[in-house]
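Colleague: Take a look at the letters that make up each chain.
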Amino acid sequence: MTDTKGSREAVVIERTFDVPVDVIWQMWTDPERFKEWFGPTDATIPVAKMDVRVGGRRLVCMEAQTPSGLRSMWFAGEYLQVVPNQLLVYTEFISDENGNAMPPSEMGMSEGHPTTTEVRVELEPLDGVTKMVMTHVGIPSDSPGAAGWTMALDKLAARVATGSRR
Amino acid sequence: MTASTAEQRLSETFAVLANSTRRAILARLAQGEATVNQLAEPFALTLPAVSKHIKVLARAGLVVRGHRGQYRPCAIDAMPLEEVLNWAEQYRPIWEARFDRMNDYLTRLGRQQEASKKDD
Chain A
415 MTDTKGSREA VVIERTFDVP VDVIWQMWTD PERFKEWFGP TDATIPVAKM
465 DVRVGGRRLV CMEAQTPSGL RSMWFAGEYL QVVPNQLLVY TEFISDENGN
515 AMPPSEMGMS EGHPTTTEVR VELEPLDGVT KMVMTHVGIP SDSPGAAGWT
565 MALDKLAARV ATGSRR
Chain B
7 MTASTAEQRL SETFAVLANS TRRAILARLA QGEATVNQLA EPFALTLPAV
57 SKHIKVLARA GLVVRGHRGQ YRPCAIDAMP LEEVLNWAEQ YRPIWEARFD
107 RMNDYLTRLG RQQEASKKDD
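Protein sequences, first through last, are from chains A and B.
Numbering of the first sequence is given in this note's numbering, commencing with residue 415 and proceeding in unit increments.
Numbering of the second sequence is given in this note's numbering, commencing with residue 7 and proceeding in unit increments.
No lab work stands behind these hints, which were simulated from the structure alone.
Treat the hints with care, as some may be off.
Below 30 Å or equal to it, Euclidean Cα-Cα: the simulated BS3-like pairs (lysine-lysine) are [as the list claims (entries may be wrong)]:
1) A:Lys545 - A:Lys463
2) A:Lys449 - B:Lys61
3) A:Lys449 - B:Lys123
4) A:Lys449 - A:Lys463
5) A:Lys545 - B:Lys123
6) A:Lys449 - A:Lys545
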């Protein structure tokens, strides 16, 4: 796959943390640790279930107080790659409380696909500190992968740009 | 607009684009407006099937229908598409804030560990 850095379709963030690599691995894979940092400031994470192995499922609930009351949002996904202290890749999509993907039925789309995103976390120990590179990319379910999706969008974007100049 | 509303709308746009026929329709409309008949031509689809795709695109704000008597040509509205293309821009601050919190949490954990060492 090509380097997605600088792409408008992928978030790539590199950070260095002043702790050993296994501590950062726990931040991502231990539900109690994960709950402490993942949610926005005004939200809590009452549920985080993580079966951290290839093919294992994950389920996270985010709860936030809104003017119309307490609002819960569920996100489910699957672990695609698990190499302890090195590499973690998982998918994520909006789901119900049982982890079933929510079809965008409110749009009246009978053949609607759920939107899936993929999160990739790469860890590298550097002299007692840890370099982390996180990549987050959106993948529609009919695409073979992020690369194909990005190419399709780029093509479309180029055509839109041409069209709007008319 | 709250981050979650923007995220939700983005998810909806993604869902609409998660179909190669709809992307092809948009690509055709990017070259100029067209009628449903014209849009159906390159596809091995019935007119009602193409109409259905156009309805979905219209509901998502990606396509607008004109009114010229009997004639209702379709045109592209690139705004929601721009949002998808700028997808990363919307998520970046959310992740940056998360990692700031991770860092704060690590600092808290570090202090707790030091405190418990002193207690020993």
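Colleague: The structure should be examined with respect to each hint, and the outcome stated for every one.
Modeller: Against the structure, the hints:
The suggested pairing of lysine 545 (chain A) with lysine 463 (chain A) holds, with an alpha-carbon distance near 26 Å, which does not exceed 30 Å. Taking the CA atoms of lysine 449 (chain A) and lysine 61 (chain B), the gap is near 40 Å; set against the 30 Å cutoff, the hint is violated. Annotation: proposed proximity of lysine 449 (chain A) to lysine 123 (chain B) holds, straight-line Cα distance about 25 Å (limit 30 Å). Of the pairs offered as hints, the one joining lysine 449 (chain A) and lysine 463 (chain A) holds, with about 10 Å between alpha carbons and a cut-off of 30 Å not exceeded.
A distance of roughly 27 Å separates the Cα atoms of lysine 545 (chain A) and lysine 123 (chain B); the hinted pair therefore holds under the 30 Å criterion. Taken as a hint, the lysine 449 (chain A) and lysine 545 (chain A) pair is honoured in the structure, with Cα atoms around 21 Å apart against an allowance of 30 Å.
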